[in-house]
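Novice: With the sequences and hints as input, model every part of the structure.
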Amino acid sequence: MEEKKLAISDEKLEVFISNILRAGVALSAVFMLSGGVFYLVQNAFAPALYHTFAARPGELLNLRGMAANIRAFNNLGIMQLGLLILIATPVIRVVMSLAVFVIQRDRLYTAVTFIVLGILMYSIFRG
Amino acid sequence: MDTLHFTFFIWLVGIAGGLLGAMTGLGGGVIIIPVLTLLFGVDIRYAMGASLISVIATSSGAASVFVREGFSNIRAGMFLEMATTAGAIIGALLTAMFAPALIAVIFGLILLFSAYLSLNPPADRVDRLPDSFTARFRMNGSYPTAEGKKEYSVHNVTGGFSLMFAAGALSGLLGIGSGAMKVLAMDRVMRMPFKVSTTTSNFMIGVTAAASAGIYIARGYIEPPLVMPVILGVLPGSMLGAFILRKAPSKKLRMVFAFAILALGLEMLYKGFTGRF
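Protein chains in written order, with my numbering: chain S, 1 to 127; chain Y, 1 to 277.
By construction, these hints were calculated from the structure, which means they are not laboratory data.
Check each hint, because a few of them may be wrong.
Claimed, not checked - Chain S residues, not near chain Y, derived (Cβ > 12 Å throughout):
#1 R22
#2 A54
#3 I78
Claimed, not checked - Below, a list of computed lysine to aspartate or glutamate pairs in the DMTMM-like style, where the Cα atoms sit at most 20 Å apart:
#4 Y/K195 / S/D10
#5 Y/K195 / Y/E69
#6 Y/K149 / S/D10
#7 S/K12 / Y/E147
#8 Y/K150 / S/E11
#9 Y/K195 / S/E11
#10 Y/K149 / S/E11
#11 Y/K195 / Y/E147
#12 Y/K150 / S/D106
#13 Y/K149 / S/D106
#14 Y/K195 / S/D106
#15 Y/K149 / Y/E69
#16 Y/K195 / Y/E151
#17 Y/K150 / Y/E69
#18 Y/K150 / S/D10
#19 Y/K251 / Y/E267
#20 S/K12 / S/D106
Unchecked claim - Output of the computed footprint for chain S on chain Y, the stretches with three or more beta carbons under 8 Å from beta carbons of chain S:
#21 38 to 51
#22 55 to 63
#23 81 to 94
#24 189 to 196
#25 253 to 265
Ideal Cβ positions, reconstructed from N, Cα and C, are used throughout, including at glycine.
Specialist: Pasting the structure below:
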């Protein structure tokens with residue numbers, strides 16, 4: 001009885017994952033679009049310079065620098081927030097799957113998902 | 001070119017990339033990177049950064065449709081993601097050590113390979129022979145077909161896992177989804193049904209790309225003003241592509257797509273070898 005209440009079917013898991021993906025993508029698009037519109041209003045006639053590679057200043061290359069931009073809520077910061085939400089979407093999907101496998105008492109896939117999450121975390125926080 | 005026009009054209013490239021990427025299961029990267037570099041003269045590192053992010057958008061946008069309809073094999077996908085994410089980190093770290101010309105050459109070869117695969121689509125067949133490993137890992141599943149739900153078995157996880165590691169490394173190295181190679185691993189090596197392979201690949205691509213994204217950001221490959229129009233184009237494009245894919249892509253479309261990436265691949269190779277990157 002107790003087991004049944006806790007169990008989440010694979011079909012429910014699928015719908016749940018689908019909703020997370022949709023929400024993440026939609027939210028990201030809203031920020032990208034609004035940041036993009038502000039950016040274009042301010043820079044419409046500036047030349048587009050992407051022909052040569054020049055790394056941005058350091059504060060744009062890590063989470064702390066991005067957080068400062070996002071708090072300032074300038075056009076770059078709004079777009080970066082959209083970017084981070086988009087990158088976080090598959091990661092959150094993995095976290096949610098982990099939770100579901102734990103609830104399902106599926107030890108095998110709890111371990112598998114935990115390893116995938118560990119690799120993702122290593123990549124995100126080493127930079 | 002001023003930023004307004006540039007952004008508009010890149011947006012159109014994003015729509016085309018998302019549409020074709022979702023319909024073929026190859027991901028948008030194989031279109032977006034060569035078009036940005038060859039047509040718009042964008043530095044290949046910026047193009048790779050924009051592509052990597054757009055690949056996450058394509059994957060999440062299309063997967064939200066496929067997962068709901070029960071095509072994707074979530075367990076097999078999660079299992080194989082151990083290989084693709086580990087490979088992606090290695091690939092992303094290697095990118096900084098390779099000259100852009102070398103990356104262009106590797107990219108060209110991948111395009112030729114993708115064109116070959118597009119021209120030789122495997123027949124959709126269902127295999128139900130038992131396999132003790134995949135049974136223990138509960139990877140065998142079922143998927144909807146015109147004749148109702150069909151059960152299938154999964155095989156040769158060792159072979160598929162190794163190929164997935166390579167697919168992940170290429171994804172991190174080039175900023176693409178490596179969809180062609182993921183489909184190859186599932187469809188031909190693990191003998192999963194084609195439709196299950198393409199949709200599960202689509203599903204895995206986002207997680208694989210997210211594993212390289214941290215490293216790409218730290219290296220400065222990801223330029224928000226360039227990424228913005230790509231994503232905003234790729235999203236509607238990929239959703240439309242996933243919607244159209246419900247009816248299998250026509251042979252004619254496959255041919256057109258294959259020849260387009262064949263041409264882009266040859267151009268990448270030529271420019272890579274003549275040192276124009």
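Novice: Taking the hints in turn, state whether each one holds.
Specialist: Evaluation of the provided hints:
| no. | hint | verdict |
| --- | --- | --- |
| 1 | R22 | violated (5 Å) |
| 2 | A54 | violated (8 Å) |
| 3 | I78 | violated (9 Å) |
| 4 | Y/K195 / S/D10 | holds (19 Å) |
| 5 | Y/K195 / Y/E69 | holds (12 Å) |
| 6 | Y/K149 / S/D10 | holds (15 Å) |
| 7 | S/K12 / Y/E147 | violated (23 Å) |
| 8 | Y/K150 / S/E11 | holds (16 Å) |
| 9 | Y/K195 / S/E11 | holds (18 Å) |
| 10 | Y/K149 / S/E11 | holds (14 Å) |
| 11 | Y/K195 / Y/E147 | holds (14 Å) |
| 12 | Y/K150 / S/D106 | violated (24 Å) |
| 13 | Y/K149 / S/D106 | violated (25 Å) |
| 14 | Y/K195 / S/D106 | violated (27 Å) |
| 15 | Y/K149 / Y/E69 | holds (11 Å) |
| 16 | Y/K195 / Y/E151 | holds (13 Å) |
| 17 | Y/K150 / Y/E69 | holds (14 Å) |
| 18 | Y/K150 / S/D10 | holds (16 Å) |
| 19 | Y/K251 / Y/E267 | violated (24 Å) |
| 20 | S/K12 / S/D106 | holds (15 Å) |
| 21 | 38 to 51 | holds (count 6) |
| 22 | 55 to 63 | holds (count 6) |
| 23 | 81 to 94 | holds (count 7) |
| 24 | 189 to 196 | violated (count 0) |
| 25 | 253 to 265 | violated (count 0) |
When held up to the earlier numbered hints, the structure conflicts with 1, 2, 3, 7, 12, 13, 14, 19, 24, 25 and fits the remainder.
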